[in-house]
Every structure is written in C-alpha cells, then in structure tokens.
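Trainee: The primary structure of each chain is shown beneath.
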Amino acid sequence: ETGVTQSPTHLIKTRGQQVTLRCSSQSGHNTVSWYQQALGQGPQFIFQYYREEENGRGNFPPRFSGLQFPNYSSELNVNALELDDSALYLCASSSGLPIYNEQFFGPGTRLTVL
Amino acid sequence: DAKTTQPNSMESNEEEPVHLPCNHSTISGTDYIHWYRQLPSQGPEYVIHGLTSNVNNRMASLAIAEDRKSSTLILHRATLRDAAVYYCILSNPIQGGSEKLVFGKGTKLTVNP
Numbered sequence: 003e004t005g006v007t008q009s010p011t012h013l014i015k016t017r018g019q020q021v022t023l024r025c026s027s028q029s030g031h032n033t034v035s036w037y038q039q040a041l042g043q044g045p046q047f048i049f050q051y052y053r054e055e056e057n058g059r060g061n062f063p064p065r066f067s068g069l070q071f072p073n074y075s076s077e078l079n080v081n082a083l084e085l086d087d088s089a090l091y092l093c094a095s096s097s098g099l100p101i102y103n104e105q106f107f108g109p110g111t112r113l114t115v116l
Numbered sequence: 112d113a114k115t116t117q118p119n120s121m122e123s124n125e126e127e128p129v130h131l132p133c134n135h136s137t138i139s140g141t142d143y144i145h146w147y148r149q150l151p152s153q154g155p156e157y158v159i160h161g162l163t164s165n166v167n168n169r170m171a172s173l174a175i176a177e178d179r180k181s182s183t184l185i186l187h188r189a190t191l192r193d194a195a196v197y198y199c200i201l202s203n204p205i206q207g208g209s210e211k212l213v214f215g216k217g218t219k220l221t222v223n224p
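Line by line, the protein sequences are chains A and B.
Taking my numbering, I'd label the letters of the first sequence as residues 3 to 116.
Taking my numbering, I'd label the letters of the second sequence as residues 112 to 224.
It cannot be assumed that every hint is accurate.
[What the hints assert, rightly or not] A few chain B positions that, by computed beta-carbon distances, are all more than 10 Å from chain A:
id : residue
1  : Ser120
2  : Thr137
3  : Ser152
4  : His160
5  : Ala171
6  : Gln206
[Said to hold, decoys possible] Which bits of chain B does chain A cover? Going by a derived footprint, with three or more residues having C-beta under 8 Å, they are:
id : stretch
7  : 153-159
8  : 210-224
The set of hints was computed from the structure by calculation and includes no laboratory data.
Since this is a predicted model, take the numbers as computed values, not measurements.
The C-beta atom is built at its ideal place from N, Cα and C for all residues, glycine as well.
Let the sequences and hints guide you as you build the complete structure.
Mentor: So, in structure tokens, the structure goes:
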C-alpha cells in the first residue's frame with residue numbers, strides 16, 4: 003500500500019509568481035485536505051476535497067485554489083505569491099469523510115517565496 | 112473554532128510512561144478529541160482519537176475526563192522514536208458533514224536516553 007506522496011519536495015519562487023503543488027492520495031482514499039504550516043506553528047486548514055468537489059474551506063483568500071482529479075490525486079494552486087506564503091504545505095488523505103477516520107499526511111512541500 | 116491548551120514542552124526518560132495533558136473547556140458534545148504527532152521533517156501522524164470513553168491502541172492510550180473538558184495522552188513506555196510534537200485537536204465541522212482538524216502549537220516531547 004503506497005502512502006501519501008507530494009511533489010515537489012522543495013520549491014523556491016519569487017513574489018507575484020504562481021505555484022502548483024501536487025498530492026497523490028493513499029490507495030482507496032477519496033478525500034484530500036490541504037494544510038499550511040508556518041515555521042514553529044501547527045498546520046492550518048486550507049480546504050478539503052471529497053469526490054472531486056470542494057467540501058469546506060478555511061480562512062484563506064481565493065488566490066489559494068485546488069483541484070481533485072478522478073483518481074483522487076489533488077493539486078493546490080497559489081496565485082500572486084506573497085512572502086508570507088512561505089511555509090510547509092501538507093496534504094492529507096482519508097477514506098470517506100474524515101469524521102471518524104484518521105487522516106494520512108504526506109511529507110509536505112517546502113515553499114520559499116523570495 | 113474550539114480550542115485546546117497544551118504545555119509547550121515536556122521531557123521524559125526512555126522506557127518511562129509519559130502523560131501529555133490537554134485542556135479543551137469549550138468542547139461541544141459532538142466534538143471528537145484527536146491526537147496527532149509530528150516527527151522532525153515529517154507530516155503529522157495519527158495517534159488516537161476518542162469521544163467519551165477511554166481508548167487504547169497499539170501506540171497509546173487516551174484518557175478522557177468525565178466532563179470531557181480535558182484529556183491525557185499516555186505513552187506507556189517512551190522510546191527515543193517518540194520524540195515529536197504532539198497535537199491535541201478538536202475536530203470542527205465543515206460543510207458536507209465533514210470536519211477539519213484545527214491544530215494548535217502542540218507539546219514538544221523530548222525523550223532522554
């Protein structure tokens with residue numbers, strides 16, 4: 003059973019650019035959640051996708067957008083990058099809606115915005 | 112969002128039990144209590160979760176107070192590999208009947224050999 007994978011591992015962008023981060027869910031999982039983790043802080047919920055539909059969103063501006071594909075892999079897109087977007091971006095997958103189910107996290111993508 | 116309060120850091124010795132406390136006085140009747148841990152340079156890892164009754168699994172035990180306003184994660188015999196940041200989390204409902212995890216800063220556990 004393959005775990006959650008994310009790509010790329012590290013990324014450096016400049017302010018104003020756009021970035022796409024990718025996540026492959028664990029086999030059989032149809033729900034993906036994305037989190038942003040600033041240095042020294044706990045992860046903050048960005049949004050969740052269930053069966054290709056956005057299923058909830060945290061306090062992030064519209065320039066943070068996402069997509070889930072029929073194979074349940076997912077993308078996080080961030081437009082007009084700002085310095086404060088520098089963080090570790092984590093995706094987590096679960097089987098069904100994560101009410102009672104544990105979420106499996108990937109290792110994250112470290113984004114640096116200069 | 113319902114909040115949890117944890118000590119910033121704790122220390123333990125290898126092979127001794129560790130009790131990690133968490134206060135969640137604003138918990139509602141339907142909130143589950145989750146614990147995740149994050150080892151250095153890794154994503155968070157599920158440890159355990161519960162609603163009202165105490166819970167045990169291969170990793171840990173979760174003791175929940177009768178009024179549910181606090182809980183304790185118990186690692187029965189700490190190992191060096193248990194050194195991590197431990198997050199006590201109340202799940203918060205979002206649309207579609209799902210939930211999100213609201214992380215605080217967690218407790219950094221140091222295990223001494």
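Trainee: Hint by hint, note whether the structure agrees.
Mentor: Hint check results:
1. Distance check for Ser120 (chain B) against chain A: the nearest CB is about 13 Å away, which clears 10 Å, and the non-interface claim stands.
2. Distance check on Thr137 (chain B): its Cβ is at least 17 Å (rounded) from any Cβ of chain A, clearing the 10 Å threshold; non-interface status holds.
3. Non-interface status of Ser152 (chain B) relative to chain A is broken: a Cβ of that chain comes within 10 Å, the nearest being about 8 Å off.
4. With a closest Cβ-Cβ approach of about 7 Å to chain A, His160 (chain B) is found to fall inside the 10 Å limit, against its non-interface label.
5. For Ala171 (chain B), the non-interface assignment is confirmed: its Cβ lies about 13 Å from the closest Cβ of chain A, beyond the 10 Å cut-off.
6. With a closest Cβ-Cβ approach of about 5 Å to chain A, Gln206 (chain B) is found to fall inside the 10 Å limit, against its non-interface label.
7. With 5 residues bearing a CB less than 8 Å from a CB of chain A, the stretch 153-159 of chain B meets the requirement of three and the coverage assertion stands.
8. Interface restraint, the stretch 210-224 of chain B with chain A: holds (8 residues with C-beta to C-beta distance below 8 Å; minimum three).
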